[in-house]
Structure formats: C-alpha cells, structure tokens
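> Following the hints, put chains S and G in place on chain Y, whose structure we already have.
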Amino acid sequence: MSHYFAIALGCGSKNHDDNWLEVYYPDPTLNPDSRLIEVIREEIGYLGGNAAIELTYRQIQHLAREWRDAGYEHEASYAVAFQESQRPVVITVLETDAEPASTPEAYLKLHLLSHRLVKPNAITLAGIAPLLPTIAWTSEGAVDPDELGERQMLAQLEGRTLSVRSVDSFPQMADYIVPSGVHIADTARVRLGAYLGEGTTVMPTGFIDFNAGAQGPGIIEGRLAAGVFVDQGTNISDDPS
Amino acid sequence: MSHYFAIALGCGSKNHDDNWLEVYYPDPTLNPDSRLIEVIREEIGYLGGNAAIELTYRQIQHLAREWRDAGYEHEASYAVAFQESQRPVVITVLETDAEPASTPEAYLKLHLLSHRLVKPNAITLAGIAPLLPTIAWTSEGAVDPDELGERQMLAQLEGRTLSVRSVDSFPQMADYIVPSGVHIADTARVRLGAYLGEGTTVMPTGFIDFNAGAQGPGIIEGRLAAGVFVDQGTNISDDPS
Amino acid sequence: MSHYFAIALGCGSKNHDDNWLEVYYPDPTLNPDSRLIEVIREEIGYLGGNAAIELTYRQIQHLAREWRDAGYEHEASYAVAFQESQRPVVITVLETDAEPASTPEAYLKLHLLSHRLVKPNAITLAGIAPLLPTIAWTSEGAVDPDELGERQMLAQLEGRTLSVRSVDSFPQMADYIVPSGVHIADTARVRLGAYLGEGTTVMPTGFIDFNAGAQGPGIIEGRLAAGVFVDQGTNISDDPS
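Protein chains in written order, with my numbering: chain Y, 1 to 241; chain S, 242 to 482; chain G, 483 to 723.
Bound conformation, chain Y alone:
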C-alpha cells in the first residue's frame, strides 16, 4: 500500500532571480510505491512531507541507478533521459494532497489533471493562484515579463522572431501533454489543468479552464469554467456555462 500521494520528475524554467516559472513533468505518478521514494530518500535529502527538490546531475544519475536496481525500469528510463537535460531538474514528492506550497508542486497538481490521473474537483487546489507566476509564453519558452523587453530587443536586432502567444499565469495544456484521442481546434483555449477524456473535441469557440473538463466522448463549443466537469456524451454549445 502506498503512503504517498504523487511523485514526478520534471524540468523547468527559472527567471534571473532563480525563481521557478513553470515545470514540465512527462510522466507523473499517482499513488507511487513507497519504495520508489525510499530507495532515493537519502541521496536527494528528502525529509518527508511535500517537497520539490532541485537535483544535480550526480543525483539524477543516482536515481537512474537506484531505480533500475530496485526493478523500476520505467522510472529509471526517464531518469536516464533527464541526465541530458539542459534545464534545471526537479523531483517533486507529494506525501499528501495538501495545498500546494511551491510552483513545482502547483504544476504537478495541474499535470495530474491533464494526464487524467485525477478528475476535476477531486484534489486540493486551494491556494494555487499565487504559486503560478504570470509568464510571457513565447516561441522561445517561458519568460518572466520583467525580462521580456530585453529578450525582445535582442531578438529583433538579430532578426529572430520572439513571438509572445499569451501573458498569463496558466500555460496551454497542449505544450505539456496532449492526452490520447482528443481534438483541439485551438490549443490557446485549453489551460494546463484541464481534463480532456478520450474522444473529447474542443471546437474553435470552446474554452476549458484548469480543474474543468469532460469525461468524453463529447464536443465542447462553449466555456467550461474551473470546477465544471461534464459527463460522457455531453455536448457543450457556444454559450457561457
């Protein structure tokens, strides 16, 4: 029996002040085996509770080795891939489903929803808003808006196009995960933390907030605000819900 709520290995962006802007987790795990954490506990300095721990290259190597030795081939393969990361790497361990306490924890909760591991309204998201910094989502990744002007000027002078798609505390889900069997006409309209069940089609007029979604199959032409989860076969037409 698991004593942990969730665990995930991720990489992300930081601003010049070394604060996390956002974190990507390719393979979050709900209710992981306790041993998955226990074999690495000492090496990563995990003291229990909910924690996001930035890892050195050496520590990532250690994870890969320990997990493989303990028979967790799948997890080990991700750790091997993360040895090549050009960006800061973090392991986030949630012992309980408490209110998130950091940006990496907040992003893990959003990933759990979009990876279909939990349904809207099923996990604690209270207090998440201040943990999600406003970000300029650009063609060169997440940028702190305070650092955007200088980045834009350099790009313009070099003739590169640094385009900004949105300035928002929530990213587009599809830049992190596209779950199987869905259609999304305009990915700008589905936030990370949305739950799109198999067979969900989001039309150009649809919009799905975080902690909202559809069981699928179904067609979403209107707005699903946070907290709204629609049943199988429900088609939402172009009226605000």
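A portion of the hints provided could be inaccurate.
Beta-carbon label-pair distances, calculated as ranges [as the list claims (entries may be wrong)]:
1) Y:Glu99 <-> G:Gln543: 50 to 58 Å
2) Y:Asn19 <-> S:Asp258: 37 to 45 Å
3) G:Asn513 <-> Y:Glu158: 27 to 35 Å
4) S:Arg357 <-> Y:Thr234: 35 to 43 Å
5) S:Ala466 <-> G:Thr606: 42 to 50 Å
6) G:Arg633 <-> Y:Asn31: 47 to 55 Å
Keep in mind the hints are simulated off the structure, nothing from the lab. Beta carbons are placed, not taken as given, at the ideal position from N, Cα and C, and that holds for glycine.
Structure of chains S and G alone, referenced to chain Y:
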C-alpha cells in the same frame, strides 16, 4: 484537350510507420495537358487512374529534364526546386474527380479549393474524412499524436519550445497557401480547403471550414460551415450560419 | 522646453523592393530634449520636420558617441545595442504630431500608444491606414504576401515550419511590447497601438484595436473598437461595443 482532372508535385510528412500525415503542393494544376503526364508516365510507373506516387531523387531529376525538353518550363522549375527536398516527395495524378483514395489525393483536393482552382461544392470530397489523419500541428511541423509525447520530452529537456497549435485532422490554410488580396486576422480559423476570393477579410470571430468560402470582396465575421459559399459583397456577421 | 513631439531608434523589415514592412522601436521618447536631436542633426542629415532616416553602421556609432558625450547615457546604451543590428536601422524624428507620412512614422505612433506614452484619441492618426502594408506575420518575421509563396516552398522543402499567424496590416502588440502588469489570454487579439493600462486583463474573448484600450485595472471580455477607451475599473463583457 485534357484527359486529366489534376496533377501536382508535393512534399510532406510521414509518421514512424511510413504513413503520410499531410502533403504540401506549391503549384497544383487543374486540367493539365495530357502530354505533361505522358512524357513522365513510364519513368514514374504511372499506370493510369488516380494515383499518388512517391518519387526518388533520380525520378525527380528525370521529371525536370523531360518537362524542360517538352517545353514545360514552369513545371520543370518546380521539379528542379524539389530536387533539394529534405522531405518525401510525391506526384499525385488525378485522372478523374473520383472520391479521394489516399492522404495525398485528399490533400490535393483541399489545395485545389484554397488555390481558387475550383469552388466549394464543385468537386467530389465524399470519403475524405478518414483519409485525413489527426495531427498535432506543431512549431516543428506535423507530428503523429502517438509520437508527440516523446518529441515533447526531448524538446523540453533540450530547452527548445515545441509548441502545439492544434490537434486536428485539418491544417490551417495559411501554412500551405495564402491567396492574393486577402486579410486573415487569425489563421487558426481558416482550414485548408477554404476558398477565399480576392478581397476577402476574415475577422477574429470569423471561421471558414474546408469546402466553404467567399467569392469576395467581403467581410467574414461569423462561421462558414462546410458547403457554404457566399457571394461577392456578402458580409457575414458574428452569428453561426 | 522641447520643440519636438517624439523620437525613436528602431529596426525593421523591408520587402524585396526595399519598402519598409514594419518597424520595432524598443524605447520611443515623447517630448524629447531638443539637444538629443541637435547633437546628431548634421551627421544624420536631418533637415527638420517629420522624417524617418535609415542609418548606416557608422551613423549609429556616431549617435552612441555623441549622445554619451552629451550626457544621454540611456539613449547612448540603445545606440550601442543597435550597432549589432542584423536588420535595417532607422531613426524617426517627429517634430510635430502631424499626420504620419511613412511606414516608420506610422509605427512610431502605434508604439507611443502601446508604450503608454499617449492615450487613445490623443494623437493624430488620420491617414495611417495606407501606410501600414498588409503583411504575412510568420514564425520567421514579417513577410510581404507577394513574397510568401516562395518562402513557404523553400521552408517546406527544407522541412522547416514557416507558420503564418495572420495576414493583416496590424501586428500583434505583444510581439513589440508587453506593458507592465497586464494579462493577455490570446495575444492575437490585441493590436499594436492598443493601450493597456496597469492591471488590465484581456480574456480569450476580448479584442482591442489600435487607438483603443483601458485605463486599468479592469477585465476586457469583449471588443474595444478603435477610438474606445474605458475607465479604471470598467469590465467589458462579451458583447460587441
């Protein structure tokens, strides 16, 4: 007199199983001269009927030579350009306007509409839906959704931004062709296979499906569903048609 | 006392006919010191009035030196950065707020609004439309629509994705400037020349035209047409204004 419906030289994307995802045709020809096909027939192994034939580098060279020798300078210049293609090259010959039978044939029909060579409702599009695979349209091109997760992880680890604009069986028209004399506020809202006549303006609330469009000039602020074609000077306001 | 309306150093794009398509000004100045212009007047051949003067590398070096010598450290630092420009560089001097007479002048006026240096309806924008050429706004920058087809074909053959976001005479504001303290759900819906005051949030259904905007703080869910400027605390809902 022509005995053929259409011909086009294109290049496109395939998934890991070697199936076509999409095909781009820069210069499709309606009712081509029969000789254009006859001079290359043997070399490309064309046996008549409707066919999409993938070409080797040698065969593309052959096309360029034969077409130039036969006086088709324009077509030959495209064949010369296609010798440099880094992507698979296909020649698609439609002897008749029969139902499309492959992804390259389906894409050629969509191109005929957006290149203004035929009008909505004027060609056979029955059976096209299953020939258009669902694709993740990304900043690095068309990706099979089943192959997206791994591509995204590698990009994230390398710090590249692989952004996904839509997950849809139809591409955006403007990534293939922008016909002359049009304005499109948001290209996400015009599908390949739309017909935008000279002087058409598509506002941010407009949407034009494949096999739909406007004679132009005119302003489109609402939705033109497949099969809808509006006359010159018609302005479509922001109500679903 | 200043005798000038505005001045700015910018870089931009031209088409094959050497006509300006668009100009980016990172730091436009309203009511500049007269001396800022007088110390460079002779070197750049400025004869008074409103003018956009393309600069050689030598002239940009001169600007940097003269401005530093005259104690304009801030302006000099931009001139130093512009020495590295890979794109054509222009200095635009507006002695008066007359009707714009060239594309660089038109773009400077739009920048003044989006940089919050002037409010909507406060400057002369008459005659601006014909000075803003229709542009294909692509992932590789501004492209003349007449030159797009060839660019697209080369990109497709090379397997690069040259995506087109809009075909419009107005660019997206966020590709030029994101003013402080704003949220923009979809940057495609805010044109350069929009004025977004501190604390403005533009929702997915919002749209802000040039010479329109909001004092902020406030939430914009509907359309602000050119000439509309809403007060502090006004929330615009999803109905056309």
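> Now look at each hint and say whether the structure bears it out.
Status of each hint after checking the structure:
no. : hint                              : in the structure
1   : Y:Glu99 <-> G:Gln543: 50 to 58 Å  : 56 Å, holds
2   : Y:Asn19 <-> S:Asp258: 37 to 45 Å  : 43 Å, holds
3   : G:Asn513 <-> Y:Glu158: 27 to 35 Å : 31 Å, holds
4   : S:Arg357 <-> Y:Thr234: 35 to 43 Å : 40 Å, holds
5   : S:Ala466 <-> G:Thr606: 42 to 50 Å : 43 Å, holds
6   : G:Arg633 <-> Y:Asn31: 47 to 55 Å  : 51 Å, holds
Checked against the numbered hints given earlier, this structure breaks none of them.
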